[in-house]
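Novice: Assemble the whole structure, with the sequences as input and the hints as a guide.
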Amino acid sequence: MIYYNCHTHIFSAQYVPNNVVGVPIMNVLATDPISAKLTKFFGKVRYRKLDTSVERVARFAEIGLGTRQEVIFNYLEDYYKGWGDVRFVVLMMDMEQMGAGNPLSNYRTQVEELVKLRSRGTYKDKLLPFLFVDPRKAEFTTGEKLRDWVKMHFEEFGFVGIKMYPALGYYPFDEKLDALYAWAQEKFIPITYHCIEGVIYYRGDVKSLRPPRFPNAKHNLTETKNERYQRNFTEPENYFDVLKMFPDLKINLGHFGGEEEIKKNGPWYQTVKKLIAEHSNVYADVSFTLNDTGTHEQIHRDINTQGIGEKILFGTDYYVVEKNKDEAQLRDELRNKLNELDAVAGVAKDSSFNQIAAYNPIPFLSSAYYRP
Amino acid sequence: MNIFIDVAISMAFVFLLFSIMVSGICEMWQMLKRKRAHFLRESLEDVFNCRQNKNYAHLLYAHPMIDRLKERKYTYPQYIPSAIFADALIDVIRNDSKLPRFRFDHEKKEFVVLQSSYAVDRHDASGNIVAGTGVVEDFAAAVEEMKESDLKQLLRTLLLGVTNYDQLKSTTARWFDDYMASTTTWYKRYLTRILFISGLAVAIIFNVDAIHLAKSFYKDQLLRERVAEAAIRYTQNESNRPATPEEVNFGKAPKPVSMDSMVKSNVDAVTQAYKDAELLDLPIGWNIERVVGYKKYPNFTVHSRWLKLPWFAWELIKYILLSLAGWLITAAALSYGADYWFNMLSKFISIRTAVKPKEEKK
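Chains as they are written, first to last, in the numbering used here: chain V, 1 to 372; chain W, 1001 to 1362.
Think of the hints as simulated: they come from the structure by calculation, not from any bench.
You may find that some hints are simply not true.
[What the hints assert, rightly or not] Simulated DEER-style distance windows between Cβ atoms:
(1) W:Thr1271 <-> V:Arg136: 54 to 62 Å
(2) W:Thr1185 <-> V:Arg371: 54 to 62 Å
(3) W:Arg1068 <-> V:Gly294: 53 to 61 Å
(4) V:Trp83 <-> W:Arg1068: 24 to 32 Å
(5) W:Lys1108 <-> V:Trp83: 54 to 62 Å
(6) V:Arg136 <-> W:His1038: 30 to 38 Å
(7) V:Glu278 <-> W:His1038: 51 to 59 Å
(8) V:Leu209 <-> W:Ser1097: 49 to 57 Å
(9) V:Trp83 <-> W:Arg1103: 26 to 34 Å
Ideal Cβ positions, reconstructed from N, Cα and C, are used throughout, including at glycine.
Specialist: Here it is, written out as structure tokens:
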């Protein structure tokens, strides 16, 4: 059996602008040996919750500030030793357009570093890269240019999917994405979107943003605070408009709307489930949200709900989630809980976990360019 | 004449003691923060992080030839030999445009890597690798494929008149040596700034005001003679000579120093300097009476002083301005380092020894 972790990151902090929350702290922790040593020391002094949090931040910084993507990927591989054949969907990130300044190294460096890394050893089949797309990039003067650029990466460099992060300042139904969507729909290419409210969002002037092509009642365009305005970009309702134009587009709404949404059965979570139920190619992954054990029972119910369960994917959001919980711990906690609930339901051990980690990813990742 | 020499000796001695403290603190800070390695990386980022193309500095540091020079996983190398730099740069650039191609084999369900990321050496008619040939052509082709930028121009310049690998390597190594000489100069300037800032911090923390010190030494004969005698005794003991700091040079490997021994010796030196300064009962340190001129006006009580607010404000402003000037002079003096002040002190003592017999004869 082949397991798939459908949501991981291995880009290092040098690809993140310094103005993004946490990056300056991470940089200090990693480049300043005194701070790094102090953090590790306090991390080891496990005393109440605070010190564990310090340890987690130290671990997050330790991984994220690895100078090479290979080092970060090796940490991830180590977590799955003894698991047999495990493959990782590696989602790239381009934060150059988010209005937080330039990262130390540009996106092109990140892509080429990853492509070269993948040609080494067994990485070519273990590491399944999703190309990050931002329609605002200067070179994408037309939607066709954007599509051709993506197409070239699939045909030449073996990319298997597309990653988008609307919270960085664009709507998923941006006109420049139409040509790309038409092509992706034709080739069954999976697209993973970020679908949770978080700390990484557009930092520029929100007033200067164009109003969306398809405004919906959930948008609050008068909002002036960037932190809140990100909801307009991330709003799951946006995907109804995308899917109206491209009904067979294969999409994955990463993070399932967020752990708080899942726990309180919030509107984003309900919308994501509605999208999944109404469209044959809409998926959602449980990455990051799974670090909150309060979501596990609901996830189990969803996995065992006809029409929803076949489209839930296992993902962890490595290494972003490291600041909350250890990769192995959160993975095992979810697996154990699903097994416990499977036993109560009288089904075979690992049937729920295998469904999201081994079976559901197959149709999701299958395209004209890749077949698991 | 003797008064001025004794004042000079006393001042030099105070600067020497606090320079030992400042130099020790700076050296520990540099070592613990791995400043040299970060400065080297930053100076290479300035040239090789090309926004129009890629961050070649990152690719260089990820190259095994340079990556293996670092001591630990999360550090950078402190020194890069020019020959290694040249080999790594040529390899990174010549392979820049040779990204591997991938094709998915639907039958085997696996990816096939169609082209290695490494440039292939040329072969002669018999199939033997012709050492060195082809590299320059690959390098030139990769440079031509780059978008126009300062870096492209620099790399193009390295290729001028170059026909083989050895020439390209020596030209690149020569450029790197020259660039490291400049980096050394920048780092020295940076260290001087750091010494000045640390000196200013020490001057403020211990209230080492050069103007006040000079005045006190000039006015107080007992103090002056006590400090001068202590300075003479101090210099007579050769073991007190501060170790000459290692000359910073990015073109040479730094001497291996164990972190523990370095920290211990610096902490010892700083502690000893502080004790020596304390024993001399120097007119330094914070004293509120000095601020409001208590000694100047002994009949004033604190209560009556507050009533004379304008006078107090003027005294305070005068004190702050004079102290600021004094601290700045101290900071500037401390930035010269302990070695400098030890030599100056020895010279002043020689002058004193030469002048004294003449005065005694008179």
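Novice: Hints first: check each against the structure and report whether it holds.
Specialist: Hints and how they fare:
1. Judged by the Cβ atoms, the range 54 to 62 Å given for threonine 1271 of chain W and arginine 136 of chain V holds: they are separated by roughly 58 Å.
2. A hinted range of 54 to 62 Å for the beta carbons of threonine 1185 of chain W and arginine 371 of chain V is consistent with their spacing of about 59 Å.
3. Checked against the hint of 53 to 61 Å, the C-beta distance between arginine 1068 of chain W and glycine 294 of chain V comes to roughly 46 Å, which is inconsistent with it.
4. Between tryptophan 83 of chain V and arginine 1068 of chain W the Cβ separation comes to about 30 Å, which falls inside the hinted range of 24 to 32 Å.
5. About 22 Å separates the C-beta atoms of lysine 1108 of chain W and tryptophan 83 of chain V, a value inconsistent with the hinted range of 54 to 62 Å.
6. For the pair arginine 136 of chain V and histidine 1038 of chain W, the supplied restraint of 30 to 38 Å holds, since their beta-carbon distance comes to about 33 Å.
7. Glutamate 278 of chain V and histidine 1038 of chain W have their C-beta atoms about 54 Å apart, which keeps the hinted 51 to 59 Å range intact.
8. For the pair leucine 209 of chain V and serine 1097 of chain W, the supplied restraint of 49 to 57 Å is violated, since their beta-carbon distance comes to about 37 Å.
9. Between tryptophan 83 of chain V and arginine 1103 of chain W the beta carbons are some 28 Å apart, a value that agrees with the proposed interval 26 to 34 Å.
In the structure shown, a violation is registered for the earlier hints numbered 3, 5, 8, in ascending order.
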